[in-house]
Structures are given as structure tokens and as C-alpha cells.
Amino acid sequence: MDVVISGLLLGGAYALVAMGLNLQYGVARIMNLANGEILILGGLAAFWAFVSFGLSPLLTLVIVAPLAFIGSWAMYRLLLRPLVRRAKSRGQLEVDSILATFGISFFLVGVMVSLRAEYFTYSFLATPVHMLGTTVAANRLVAALIAAAIGGALYVWLNRSRPGMAVRAVAVSPEAAGLVGIDVDRISAFAFALGGAVTALGGCLISTFVTLDASSGVIFTMKALIIVIMGGVGDIRGAIIAALILGLVETAVATIIDPGLTLVAAYAIFLAVLLFRPQGLFGQGNA
Amino acid sequence: MPDILRGGTILLALLAVAALPFLVDGYWLSIAVTIMMYTALATSWALFSGPTHYIALSTGAFYGIGGYLVATGMSDFGTSIWTMMAIAPFLAALLAGAIGIATLRLSGVYFVIFTLGLAEMIRNLVSWVQNNFLGSKGLYVLTELEERHIYWMLLAVTLAVFLFGWRLGRSRMGFALRILGNDEEVARHVGIDTARTKVLLFMTTGFFAALVGAIVAPRYYYIEPNVVFSPELSFLVVIMALLGGTRRLYGPLLGVIPFTLLWEVVSASFPSATTMVLGLAFLLIVYLIPDGVTGLIEKLGKRSAP
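Sequence lines, in order, name chains B and Z.
In case it helps, my numbering puts the first sequence at residues 1 to 287.
In case it helps, my numbering puts the second sequence at residues 1 to 306.
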């Protein structure tokens, strides 16, 4: 039971980050490999605000979201849109965006290392809470609840509102969306920025219970990618379920076998999905 | 240029390169070893990734397998370095084959992601096995080999890579690869087994990377999994190859030499700025010289020609 609860709580935070990446790849068609660094930036902001000003990470969320939105939007406009325009084929855009976002990711790591080279960790709501016959840290619970709230709001917005529908239309077919009068370019930039904001929020929340450092972004990028692929690209429900599965498996392997094997476990799932369901657990189209 | 003259020039250049350890030692020899190592790695990387456009970030994984097998063989099992050097590349090629079969049928992004984490995953797995079953945490690689011996062995590997690449360019498989690189659909329709071609070539790059890792292992003296399974190495190889250009066999070489020198200076004088330099190099290549130095030279040559 311990494993199930803490696994689900961890999965909740993962789900938020994977949702961010899903928006960026599913709608703007950019596989953003700097996603993990945006997450770490969010975490760094929460740490810094907490240590310097005693600001609660939950308040930092409100500041980080618009900043990350603007930052990601600028990143898309200035660095990635030229690549989208230049690309002759989907394949070339893919290669170019992989290299460019790797460049951005390394650059951000470099910036963060110069800001703070050590681990950033702080103690926030580290009080035990009893629930369903087991004990969890309050910070994990709060993080998972907020992640669920943000994710739920995003889901409702995407599926119930007109702008949300436009975003989904672009995800399904940019050409057709353009024909019915949707400004594909604007929606893409918007989705990319929104994805960045959601990811940074995830970073703020994760930093309350995981020790981060400037260079750990790449691990989160990989986990987010594994989740997105597992759930099916562009499928929010799939991403949430995949995130919960990953959280559960990682926690189970860490507690029952050895903490050193969590990444190996994540990889084993990834490989199994690639081999048997490359379109994702819930996807239908071609991979 | 007549073939005989061209052959003579290449032979002379080769002799000069081979004689280098008699002329320099210490610092410059160690830089020469590094350059030789990256030339072998980047050139064999480009043989696969150049035509297929699959960005493989697995060099560090295979290199690590080579280095780690040498270390564990010598430390834990008392085998000689030569035996391990002979075994390691074949094991790496087998692993590359398995990975290739699992991932190469899928689209580019999946492959990049999978190879990106490969070194990390193997490192985790190996550390775990090492800590729980083999007892010793660190491994010693104590040999009589000196820097210059490593240099000559790497030179031999580099030559082998170049010869292989040259032969490949003139073979049926090389021809198939060029079609595949231009359009995979077309390649499949004219009856090329694209998956098999890609897997075989990927196995070759894995083979060479592990061989280089095994040869370089004595340079470390002391090896833990954390040292040899280096993701940074994978990225450096990609940057160097792309900087030089992957369309010509000698392309990566033109990226390796300047970048290794730059990297030496940066990591000696501004060690905290290395990741930032790596990032800027990626961005520079994507935005300014997408076809690398050789592509740039060709473009300039075309423009000046009447």
C-alpha cells in the first residue's frame, strides 16, 4: 500500500511535466529536449524564493507560470520558428529541432550552474500525513493535488472551450486547421508557451520533495518523453495514465529491489512499449 | 590529380602522423591522442548517421562498454588486456544489433531518445551489478602501455575506419545507403532491405566505439562505471562530426581538430563554462553551418566557380 500511494503521488507530478511536453510536441511539433531544464528552472526559482525571501513554493507557482510562459514563447518565436519555416520536410525539422533544443538545454544548464553549482534542496511541509493506513510526506500530497488541479483544468479547457478546440485541431492536422481559419502559427507558439509554463509549474512542485541540481534536467526530459510515448503522442489521458504507471513502477523498484535500478526500470517499460505498441498504450495512428 | 601522386601524398601524410610521438611528448602528445580518439569515433559515427540522418547518442554507451569490459576483466577476473580488447567490440556490436532491431524501424525521435539514455541506463545497471555481486567498486587498469602506444593503436583503428568507409562508399551497400539517405520510401521500393542495412551499419559504429573505449582504458588507470559511460562524450562526437560535415569521409576530421583544441582551452581555463560552450556549438551548427565546414567549403567553391 505504501508503494502504491507514494507511486501515485510521484506519478501525479510526472503527469504534469509530461502534459507540458505533450503540448509542445503534439501541437507545435517541436520535440523540446530542453524541457527538463525548464523544469529545473522552475525548481530553482522555488528554491531561491524560499531561501532568500521565505516565499512559499505555492506562491512562487503564481510568479513562475507567467514567466515561463513568456520565456517559452520567446524561445519558440526567436529560435524555433525559423527552423519550422526553413524545414523542407518533417524529417529535417525533426533533426534541426533536436539539435537546436539540445543546444538550448546545454546553454540553460550552463547558466544554472553559474547561478548555483550545488544541489538545491529545502524543507517545505516535510510533515507526515496519515492516509489510507500509510504515512506520506505532506509536500508530496500537496504537490500531487495541485498537479491534479492544474492537469484537470487544462484537460477541461482543451476539451470544452473554443480556443482549446483550436489547439486540438492544430494537433490533429495543421493544414486542415489553417483552412478553417485557425492561425496555426499563433496557436503553435501559444501551445509551446503553455507547455513550458506547465512544465515549470511541475518543476516548482517537484522541488518541494526531490533534491535537484542544475544538471538533472536531462533525466526528467527522458522520463517525460518515455511517458509521452507510452501514453501516445498528443493524448492527455494516455499521458496521465502512463505517468501514474511510471511513478508506480519506479517506486516499486526503488523500495522492493534497489533505488539504483529506477532508471533501468523506466527503460524496460519504454523498450516494451516501443516493441509492442509503438503508437502508445492508447494511440491509434502510426508512430 | 593522378592516383599515384594522390596515393603518395596520403602515404607521406600518414607517415608524418605516425611519427608524431617521436617529435612531441607530454601535453601535445596527449592532445594528439585525444584528437585521434575523436577522429575514429566521429568518423565512424558519421558513417551511420550521415546517410541515415539518425542522430545516435549512443557513442558513450559503446565506448563505456569497451572501457568497462577491459577494466572488469583485468581487475575482477585477471584476464589480459588483449583478450578483453578482442572481446569488447564484438559484445558491443551484438548489443548494437539488438538495439537496432528494436528501435531502427521507428521514427527518428524515438531513436534519439533511446540512444540518449542508453549510456545512463547501462551505467546504472553496471553500477548495481558491480556493487552487489562483484565486490569491488573501482577497477584498476594497470598496463605497461604508454601514451604513444595508445596513440598508435588509435591510429590503426582510425585507418581501419577510413578504409571501411572508403570501401563502403564503393560497395553495393554504400550505394544502397545513399539511396536510403535521400529517400527511405524509394529505397524500400527498389528492394533495399532498409532495416537490415541500418542495423548492420549501426553495429559497425558500435564495434568501433567499443574498440576505442577498450584501447583508451589504460589512460584512466582507475575506472568506475561513472567514469566511462559518459553522456558528454556522445554529444561531443555528434558536435565534432556535424561541425566538420558528414557528407565526406574526411569531413568529421575537420571538425575534430578545431573542436578538440577549443575544448582543451575551455576546460582548462573556464571549466564551469563547458556546458554552455557545448550548447552554443550546437546552436551555431544548426543556425549557421547546417552542412558543416565541408558543406561550407563546397558552397563557397561553387559560388566562385564560373
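In case anyone wonders, no lab produced these hints; they're calculated from the structure.
It is possible that part of the hints are untrue.
Stated by the list, open to error - Computed cross-link-like contacts, SDA-like style, restricted to lysine to any residue with a CA-CA straight-line distance of at most 25 Å:
#1 Z:Lys299 x B:Leu83
#2 Z:Lys302 x B:Ala87
#3 Z:Lys302 x Z:Arg247
#4 B:Lys88 x Z:Val24
To be verified - Sample of chain Z residues with no beta-carbon within 10 Å of chain B, all distances over it, derived:
#5 Leu91
#6 Leu142
#7 Val286
As the list claims (entries may be wrong) - Far from chain Z, some chain B residues (derived; all Cβ distances over 10 Å):
#8 Asp2
#9 Trp48
#10 Leu59
#11 Leu79
#12 Ser105
#13 Gly110
#14 Ala117
#15 Thr134
#16 Trp157
#17 Leu248
#18 Ile256
#19 Asp258
#20 Gly260
#21 Val264
Idealized CB from N, CA, C, for every residue including glycine.
We went through each hint and held it up to the structure:
1. Z:Lys299 x B:Leu83: At roughly 20 Å apart (the allowed maximum being 25 Å), B:Leu83 and Z:Lys299 satisfy the hint.
2. Z:Lys302 x B:Ala87: OK: Z:Lys302 and B:Ala87 at ~23 Å, within 25 Å.
3. Z:Lys302 x Z:Arg247: Distance of about 16 Å is within 25 Å: holds.
4. B:Lys88 x Z:Val24: 48 Å, violated
5. Leu91: 18 Å, holds
6. Leu142: For Z:Leu142, whose nearest Cβ neighbour in chain B is about 28 Å away, the distance exceeds 10 Å, so it holds.
7. Val286: Incorrect as stated: the minimum Cβ-Cβ distance to chain B is 5 Å, not above 10 Å.
8. Asp2: 22 Å, holds
9. Trp48: 19 Å, holds
10. Leu59: At about 31 Å from chain Z, B:Leu59 clears the 10 Å cut-off, so the statement holds.
11. Leu79: 8 Å, violated
12. Ser105: The assertion about B:Ser105 is violated, with a minimum of 7 Å to chain Z.
13. Gly110: 3 Å, violated
14. Ala117: 7 Å, violated
15. Thr134: 27 Å, holds
16. Trp157: Given a closest Cβ separation of 27 Å, the condition holds.
17. Leu248: Answer for B:Leu248: holds, closest chain Z Cβ roughly 19 Å.
18. Ile256: 14 Å, holds
19. Asp258: 6 Å, violated
20. Gly260: Per Cβ check, B:Gly260 is inside 10 Å of chain Z; nearest 5 Å; violated.
21. Val264: Violated, since 5 Å does not exceed 10 Å.
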